[in-house]
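Colleague: The chain contents come next:
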Amino acid sequence: MSPVDAAATNVGAGNWKGLGMWAWLLFRIAGIVLVVYLFAHIGVISSARWSGHSTLNSAFTLFDHPLFVLLDLLLVWAVLFHALNGVRILLMDFGLGIHRHKAVFVVCMLVAVVSLGFFAFKAFSYIAAHHAGGLGGLV
Amino acid sequence: MNAQVVESPPQAPRQPATGKDHPPTTGRMSASVIDQSSGGMWGWLLQRVTAVVLIVGLLTHLVATHIFNLGRLSFLNIDHRLASTFFVVIDVSLLAAAIFHGLNGARMIVLDYWLESRASRRALSIALWVFGSATFVYGMWALWPWISR
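From first to last, the protein sequence lines are chains A and H.
Per our numbering, the first sequence starts with residue 1, numbered consecutively.
Per our numbering, the second sequence starts with residue 1001, numbered consecutively.
It should be emphasised that the hints constitute simulated quantities derived from the structure, not laboratory data.
Bear in mind that the values here come from a model prediction, so they are computed numbers and not experimental data.
Incorrect hints may appear among the rest.
As the list claims (entries may be wrong) - Which bits of chain A does chain H cover? Going by a derived footprint, with three or more residues having C-beta under 8 Å, they are:
hint, region
1, 35–44
2, 57–71
3, 101–113
Don't be surprised by glycine CBs; every beta carbon is placed ideally from N, CA and C.
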């Protein structure tokens, strides 16, 4: 084995345990969700170009349904988790907080949870104001 | 008594470590595999540059549409928002950065599990650049009625 290979033999050995594994796994899952959403989003917005303003407006009406508002909230969580864990990765790349990376992760997640709180407040007050009479009536 | 003499196997002469002609390292990652799966310097750098663009742009995008709630979402609402150059810049840079960041992220996942050969990795990169560029052009075409007034 060359010295280069010998140095790399144990790379990844400690990856599959603890907080770092969950951060990595959720980061990936959120990333996949976001890339799927990106293309769905481009598809929806471009519908105005294919079949006119009314198609886009009726899509927006559909998205006002509480089910979609809750899915939106899930999406906001994917954005916040991916973005704040990404901030942690950027800090690591600059060599900041490497020896306290768990504390950095916890602080990032606190920021994510507090931000999610704002969006959740907005989402639930929207549902309460517009769908107080019940949750039926998709489309 | 038959004293058995156990001959030790002849020692292979020590090979000088040249860094070339690695022995097959089955069951563990060789340094060259780890290096290849990192996806290259430009992918790494652009992934971080677009990450910063996305953090700033998405924050603006989400806060404008959902927290400050500049009107209920509709064709006309987007029309009002994209009347300002600021939001045109935000939306167009979001489109470009998100397409690159998303597709390069998908590429990183693929490289972690599949595509060992250099040629197949190159083919994937070219395919993703073509697909991503086409998506950007399509996205600009979709935004054009709002931008071009």
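Colleague: Quick check: which numbered hints come out false for this structure?
Modeller: 3
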